[in-house]
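Dock chain B against chain A, hints included.
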Amino acid sequence: MARLRQFVLAALGVALCSLAIAAIRALFVTPNLSTVYLLAVLFAAVTWGWWPALLAAVLAILSYDFFFVPPTHTFNIHDPAEWLALLVFLTVAAVTSNLAARERARRDEARRRATEATLLYELGRSLSGGELASALQEFAARLMEAFALQGCAVVLNEGQHRPRTLISVGAAAAEDSAGTVLGRPGGKRRHLGRWIAVRGSGNSRRPPTLSVPLHVGERPIGALRLVGRRVISDDETRLLATVADQLAAALERERLRQAAQQAEILRQTEGQRQALLASVSHDLRTPLASIKASAGSLLTPGVDWSDEDRRSFLTTIDREADRLNRLVGNLLDMSRIEGGVVRPQADWYDLAELVREVIVRLKPSLGGRTVGLECPDELPPIEIDYLMIDQVLTNLLENAARYTPPDSPILVRLAATTGGQQIGVVDRGPGVPAAERGRVFDKFYRLEPRGKAVGSGLGLAVARGLVEAHGGRIWLEDTPGGGASFCFELPAPEPPPPAPVLEASEAQT
Amino acid sequence: MSGARVLVIDDEPEVRRALRMALSGRGYDVQLAANGEEALAEFDRHHPDLVLLDLQLPGLSGLEVCQEIRERSSVPIVILSVQGDEPTKVRALDLGADDYVTKPFGIDELLARMRAALRRGGGARPAGQAVIELGDLRIDLERREVTVRGQTVHLRPKEYEMLRYLAANAGKLVTHRMLLRAVWGAEYEDARPYLHVHVGQLRRKIEPDPSHPIYLLTEPGVGYRFASPDPAARPS
Numbered sequence: 001m002a003r004l005r006q007f008v009l010a011a012l013g014v015a016l017c018s019l020a021i022a023a024i025r026a027l028f029v030t031p032n033l034s035t036v037y038l039l040a041v042l043f044a045a046v047t048w049g050w051w052p053a054l055l056a057a058v059l060a061i062l063s064y065d066f067f068f069v070p071p072t073h074t075f076n077i078h079d080p081a082e083w084l085a086l087l088v089f090l091t092v093a094a095v096t097s098n099l100a101a102r103e104r105a106r107r108d109e110a111r112r113r114a115t116e117a118t119l120l121y122e123l124g125r126s127l128s129g130g131e132l133a134s135a136l137q138e139f140a141a142r143l144m145e146a147f148a149l150q151g152c153a154v155v156l157n158e159g160q161h162r163p164r165t166l167i168s169v170g171a172a173a174a175e176d177s178a179g180t181v182l183g184r185p186g187g188k189r190r191h192l193g194r195w196i197a198v199r200g201s202g203n204s205r206r207p208p209t210l211s212v213p214l215h216v217g218e219r220p221i222g223a224l225r226l227v228g229r230r231v232i233s234d235d236e237t238r239l240l241a242t243v244a245d246q247l248a249a250a251l252e253r254e255r256l257r258q259a260a261q262q263a264e265i266l267r268q269t270e271g272q273r274q275a276l277l278a279s280v281s282h283d284l285r286t287p288l289a290s291i292k293a294s295a296g297s298l299l300t301p302g303v304d305w306s307d308e309d310r311r312s313f314l315t316t317i318d319r320e321a322d323r324l325n326r327l328v329g330n331l332l333d334m335s336r337i338e339g340g341v342v343r344p345q346a347d348w349y350d351l352a353e354l355v356r357e358v359i360v361r362l363k364p365s366l367g368g369r370t371v372g373l374e375c376p377d378e379l380p381p382i383e384i385d386y387l388m389i390d391q392v393l394t395n396l397l398e399n400a401a402r403y404t405p406p407d408s409p410i411l412v413r414l415a416a417t418t419g420g421q422q423i424g425v426v427d428r429g430p431g432v433p434a435a436e437r438g439r440v441f442d443k444f445y446r447l448e449p450r451g452k453a454v455g456s457g458l459g460l461a462v463a464r465g466l467v468e469a470h471g472g473r474i475w476l477e478d479t480p481g482g483g484a485s486f487c488f489e490l491p492a493p494e495p496p497p498p499a500p501v502l503e504a505s506e507a508q509t
Numbered sequence: 001m002s003g004a005r006v007l008v009i010d011d012e013p014e015v016r017r018a019l020r021m022a023l024s025g026r027g028y029d030v031q032l033a034a035n036g037e038e039a040l041a042e043f044d045r046h047h048p049d050l051v052l053l054d055l056q057l058p059g060l061s062g063l064e065v066c067q068e069i070r071e072r073s074s075v076p077i078v079i080l081s082v083q084g085d086e087p088t089k090v091r092a093l094d095l096g097a098d099d100y101v102t103k104p105f106g107i108d109e110l111l112a113r114m115r116a117a118l119r120r121g122g123g124a125r126p127a128g129q130a131v132i133e134l135g136d137l138r139i140d141l142e143r144r145e146v147t148v149r150g151q152t153v154h155l156r157p158k159e160y161e162m163l164r165y166l167a168a169n170a171g172k173l174v175t176h177r178m179l180l181r182a183v184w185g186a187e188y189e190d191a192r193p194y195l196h197v198h199v200g201q202l203r204r205k206i207e208p209d210p211s212h213p214i215y216l217l218t219e220p221g222v223g224y225r226f227a228s229p230d231p232a233a234r235p236s
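Residue numbers (our numbering), protein chains in the order written: chain A, 1 to 509; chain B, 1 to 236.
Think of the hints as simulated: they come from the structure by calculation, not from any bench.
The C-beta atom is built at its ideal place from N, Cα and C for all residues, glycine as well.
Treat the hints with care, as some may be off.
As the list claims (entries may be wrong) - Take a look, some chain B residues computed to stay more than 10 angstroms from chain A by CB distance: (1) Glu12; (2) Pro13; (3) Ala22; (4) Gly25; (5) Val30; (6) Glu37; (7) Leu40; (8) Leu60; (9) Glu71; (10) Arg91; (11) Gly96; (12) Val101; (13) Arg177; (14) Arg181; (15) Glu189.
Claimed, not checked - To give an idea of the interface, some chain A residues facing chain B are shown, with a C-beta separation under 7 angstroms as derived from the structure: (16) Trp348; (17) Tyr349; (18) Asp350; (19) Pro381; (20) Leu387.
Unchecked claim - Sample of chain A residues lacking proximity to chain B, with all beta carbon distances greater than 10 angstroms (derived): (21) Gln6; (22) Ala22; (23) Phe89; (24) Leu132; (25) Ala133; (26) Ala135; (27) Gln150; (28) Ala249; (29) Arg253; (30) Gly271; (31) Lys292; (32) Glu308; (33) Val371; (34) Ala415; (35) Pro430; (36) Gly431.
The shape of chain A in the complex, shown without the other chains (with noise of 0.2 angstroms):
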């Protein structure tokens, strides 16, 4: 249609300088004026292409011959210098028509390119922008606008069967009846190696769908669905394939950085579990070493230990036996708090009785120090499980005192709060610097600094674990005038019931 428009115009064209040689001729007398009609071709040329400029000088010269050569009004030409004239004439409209039909030609073809190099360019910048979902939804509206689509989806392959869809703007475009996603066939190319199919017919219900295959390198990853399209010219194909390769290379790093992510987790979960082990391996050993050198020692023949040598060697073994015990405690309750499988087996005890116990067993180990208790006079019984807090007070208790001096006195302070009970073990000792305060409840934790690290590293770990599986919260604190004090919270959301059932008569005995 615009074709034949742009040939009636260009016969207009020709038609109107006829009129102006006409006109120009009334007024003055000049030899030839087929030039006039260049403007027309060129003008035909330069706007509408090579044809409607062929046109126009055809129909110039025919228009000159009939109406301006003599004999007018005929299409004979008597003088034989028209003839060269014209035929001069013709040549000069064939070859600037032509240069001009072509410098319009590549106008047109830069003009394109600029197009679709903006399009490539905002394409490009939208799915490099941050975060991957909102770059689709962004790179989906351009698209849409660029090729008046209706509909606009990415589908990823994902190994199983349908195909996952990433996003889906506009009419439904990952339709089920698209089925799986295509990728190259064998050998056939075209669309420069792409396939691009057509799905769906004209009706509204399943709009007509072209499917891109995205790929990278050779592997297929997954389909851009464009719905509402049916043919598209080779430029748009081209374009489309460039699209395709920019969605695809965007997706791929995406999950390369995923990728990427997971392994520096993995990385650093690795360097940290070779860390630990190395720390336990130590632990464990050390009192090994003690054990063995000791019964070694006992065993050597020809050496006639003393009574005391031998009371000494022997109290190393059952000393360094213990502690190896304990660590291996330890390490047990910690691996047990890791794997979630605490499950405190409550009942309803008396935190003061359990408190007393505990500090009545550790008394001997404490080294002669004072321990103090400190607790109201009636505190109702919480629901908890006996051994595990007997667990933490004992390792509280057993941090005070490696960390304080051998004579400093430590204080069991019990209190009922508004959720429940609270336990505080005081000590007097240097306390722990502001700076280390957050880490004193990890694993393998030590106060290098303060001489011997005696301990696993392990009992402030344990006794959060315990703490927190009862649902409660340990913390620590500056004593006021100097020290440290680890606290723990102990939830009592209700108040135990008075058990009636088990309260029979009164009757006294």
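Okay, now just chain B, sitting in the frame of chain A:
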């Protein structure tokens, strides 16, 4: 207890060797078994006076062996358990074991428990005494009267029952379930949550210093023990 026959059942050769040496050094006559089948065969053949049973055995489990032995006789059984294996420990005690020792154990502790168990005789058979006396505490079982330093103590019926049962099994480790069953009946076997509260109340009535009990001892996570009347062989 010289001459008493002890059957040691443990799958670890090192443990068997160490126990044989330690026990025979104290005058015991030691028999060894490495697994359940051997143990039962030895038991039938020699009828030991006491059994030391490791709970972790290959093949026939420690619990099964305990049950088998208990069905055949009321011989005292002391089980050797691993720290942290509370459920199995309690289960064994419910099945009739008399006491337990946790590995790794001090040999003195083991010997003390063995002595106490031998003195009591095994099984859950309460002693047939009319009066139980321990320090300032006096329990008259016939008249159902409890006095501390001569002063009568008023106990609720269930409190008395608890005290009576524990005292009759003095020195023996009584699990929560055994106590609940004995005092409240089989249907309250699992009504543990309030048991400790009741024991606490009982303690407040009979102990000279309830916060440092000397009669009613708690075995955390497992049960209770009434202190043995013979101070020389009190376990712990």
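Here is how each hint holds up against the structure:
1. Glu12: Consistent with the label, Glu12 of chain B stays out of reach of chain A, its closest Cβ about 16 angstroms off (over 10 angstroms).
2. Pro13: Holds, because the least Cβ-Cβ distance between Pro13 of chain B and chain A comes to about 18 angstroms, which exceeds 10 angstroms.
3. Ala22: Consistent with the label, Ala22 of chain B stays out of reach of chain A, its closest Cβ about 14 angstroms off (over 10 angstroms).
4. Gly25: 15 angstroms, holds
5. Val30: 23 angstroms, holds
6. Glu37: Given that every Cβ of chain A is farther than 10 angstroms from that of Glu37 of chain B, nearest at about 31 angstroms, it holds.
7. Leu40: Leu40 of chain B is indeed farther than 10 angstroms from all Cβ atoms of chain A, at 32 angstroms.
8. Leu60: With a cut-off of 10 angstroms, Leu60 of chain B remains clear of chain A, as the shortest Cβ separation is near 26 angstroms.
9. Glu71: Holds, because the least Cβ-Cβ distance between Glu71 of chain B and chain A comes to about 29 angstroms, which exceeds 10 angstroms.
10. Arg91: 14 angstroms, holds
11. Gly96: The assertion about Gly96 of chain B holds, with a minimum of 23 angstroms to chain A.
12. Val101: 14 angstroms, holds
13. Arg177: Holds: least Cβ distance 13 angstroms, greater than 10 angstroms.
14. Arg181: 13 angstroms, holds
15. Glu189: 13 angstroms, holds
16. Trp348: Trp348 of chain A check passes; min Cβ-Cβ to chain B is 5 angstroms, inside 7 angstroms.
17. Tyr349: 6 angstroms, holds
18. Asp350: Holds. Min distance 6 angstroms.
19. Pro381: OK, holds: Pro381 of chain A within 7 angstroms of chain B, min 6 angstroms.
20. Leu387: This interface hint holds because 5 angstroms falls under the 7 angstroms limit.
21. Gln6: 95 angstroms, holds
22. Ala22: 118 angstroms, holds
23. Phe89: Given a closest Cβ separation of 111 angstroms, the condition holds.
24. Leu132: Correct as stated: the minimum Cβ-Cβ distance to chain B is 49 angstroms, above 10 angstroms.
25. Ala133: Non-interface label on Ala133 of chain A holds, nearest chain B Cβ at 49 angstroms vs cutoff 10 angstroms.
26. Ala135: 54 angstroms, holds
27. Gln150: Non-interface label stands for Gln150 of chain A: nearest chain B Cβ at 67 angstroms, farther than 10 angstroms.
28. Ala249: 56 angstroms, holds
29. Arg253: For Arg253 of chain A, whose nearest Cβ neighbour in chain B is about 51 angstroms away, the distance exceeds 10 angstroms, so it holds.
30. Gly271: Holds: least Cβ distance 30 angstroms, greater than 10 angstroms.
31. Lys292: Consistent with the label, Lys292 of chain A stays out of reach of chain B, its closest Cβ about 16 angstroms off (over 10 angstroms).
32. Glu308: At about 21 angstroms from chain B, Glu308 of chain A clears the 10 angstroms cut-off, so the statement holds.
33. Val371: Holds, because the least Cβ-Cβ distance between Val371 of chain A and chain B comes to about 14 angstroms, which exceeds 10 angstroms.
34. Ala415: Holds, since 17 angstroms exceeds 10 angstroms.
35. Pro430: 32 angstroms, holds
36. Gly431: 30 angstroms, holds
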